[in-house]
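*Asks:* So you can see what is in the structure, the chains are spelled out below.
Protein chains: 2
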Amino acid sequence: MTDRPSRPGGRSNRVLTAIYTAVGELVGQGADKISFPVIAERAGVNPTTLYRRWPDVNALLEDVAVAALTRDGESVPDTGSLEQDLTEWADVIARDITRPERARYLRAMVAARVDLVATCVVTDTRREQAAEMVRRAHERGEQPPTVQQILDHVVAPLYYNVVFALPLDDDHAHRLVHDVLAMVR
Amino acid sequence: MTDRPSRPGGRSNRVLTAIYTAVGELVGQGADKISFPVIAERAGVNPTTLYRRWPDVNALLEDVAVAALTRDGESVPDTGSLEQDLTEWADVIARDITRPERARYLRAMVAARVDLVATCVVTDTRREQAAEMVRRAHERGEQPPTVQQILDHVVAPLYYNVVFALPLDDDHAHRLVHDVLAMVR
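Those sequence lines, one after another, are chains A and B.
With numbering that gives the first Met the number 0, the residue at position 153 of the first sequence is 152, and numbering never jumps.
With numbering that gives the first Met the number 0, the residue at position 176 of the second sequence is 175, and numbering never jumps.
Hints are computed from structural coordinates only; laboratory data are not their basis.
From the three backbone atoms N, C-alpha and C, an ideal C-beta is built for every residue, glycine too.
Just to be clear, a hint being listed does not mean it is correct.
Here are some, though not all, of the chain B residues that point toward chain A, as calculated from beta-carbon distances under 7 Å [claimed, not checked]: (1) P76; (2) G79; (3) R106; (4) V109; (5) D151; (6) H152; (7) M182.
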C-alpha cells in the first residue's frame, strides 16, 4: 500500500493527496470512465506520475478505497472485556462504512476486483484488530471465539449490508457481537 | 422483477434472453460504458424496447444480475435435519456464487447500487429459503436460529468473500453452518 494522504509533509504527499482527492471526486460523481489522463488532469499532475506508480487504474482505485476505509492510528478498543471491546469496535466500523462517501468507495473497490486475489487489505486490517482483542481476552482467561469467527460473523455481515445497500444500525451491530459470543458459551 | 429468460416460449422471452445475454457479454468483457444503445445494438433489438421497460441502465443491470444469481425453481433442501439442510444449502450458494461469471455479475450489481435501497432481491430470496428451513425445524421440535441469524452468519459471509474476491470453499461454508447452530445450543 502507498502512503496515506493524511500523513503530513513533503511534495510527494501533496501530489498523492491531489491524486486521491481527484479519484474521490470522480468516483463520488459516478464518473463512467476513470482513466489516468482524466485523473491526472483533475489532480494537476503529469500522467506519467500515475503510470510510474500504479500498474493500472484499478490498482490506484483500490489504494484510494483502502485509504478511505481504514484510518491511520485507528485504535482497537481495550475496555477489559471482549464483549465491550467487540461492541465498540463494531460500532466504529458500522458508523464508518455506512457514511455515504465511504459506502461509495467500498462499492467502487468491489467493482474493481475483477480477478480473484488471495488477500484483501481491508480484511487484513480487521483481522489484525480482531487478533489483538482475542489475544487480550485469552490473557484475561476469557474463552473468546476465533479471529476467523469474528471476521465471518461480525465483520462480514457489516460490510455485506453496506455493499448491498441494506440498512445497518447500531442494534444490528450489537446483535452480531452477541451472536458470535454465544457461539463459544 | 421481470420474467426470467430461462422460462420457455414467446417472443417477449426471446427478446429478453437476447437483452440479458448482451448485458452478460458486455459485463463479462469488462465493458466501460454499458448504455441502452450499446446493449440494443448487440441484442439486435430496438433501443425503445429498453427505454420502455427499464428506467435506466442500472435497473436493467440489476435485473440481469438477480436473474444470474437466483435460479428458477431452486429448491430448498429438506433432509429432515436443519444442520443437513443448511449445509447443503450453503454448498449450493457457495458453488453458485464463486463461479467466475456469477461473481462478476454480483460485483456489477454491487457497483450499480449507488443509493441506499430498502430491500435487496438476492437477500429476499435467501430470506424466504431460510424461513422455510427454519419453519420445518420448528415443526420437528428443533431449536433453530432465527432467519436473521442465518442471513447474518451464513449468507452474509458467503457473499462477502465473493464480492471481496477472497477464497471460499466448502469447508468454510460448513464452518459457518456449524457456528450458527452453536449459537442456539
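*Asks:* Tell me, which hint numbers fail for this structure?
*Replies:* 1, 2
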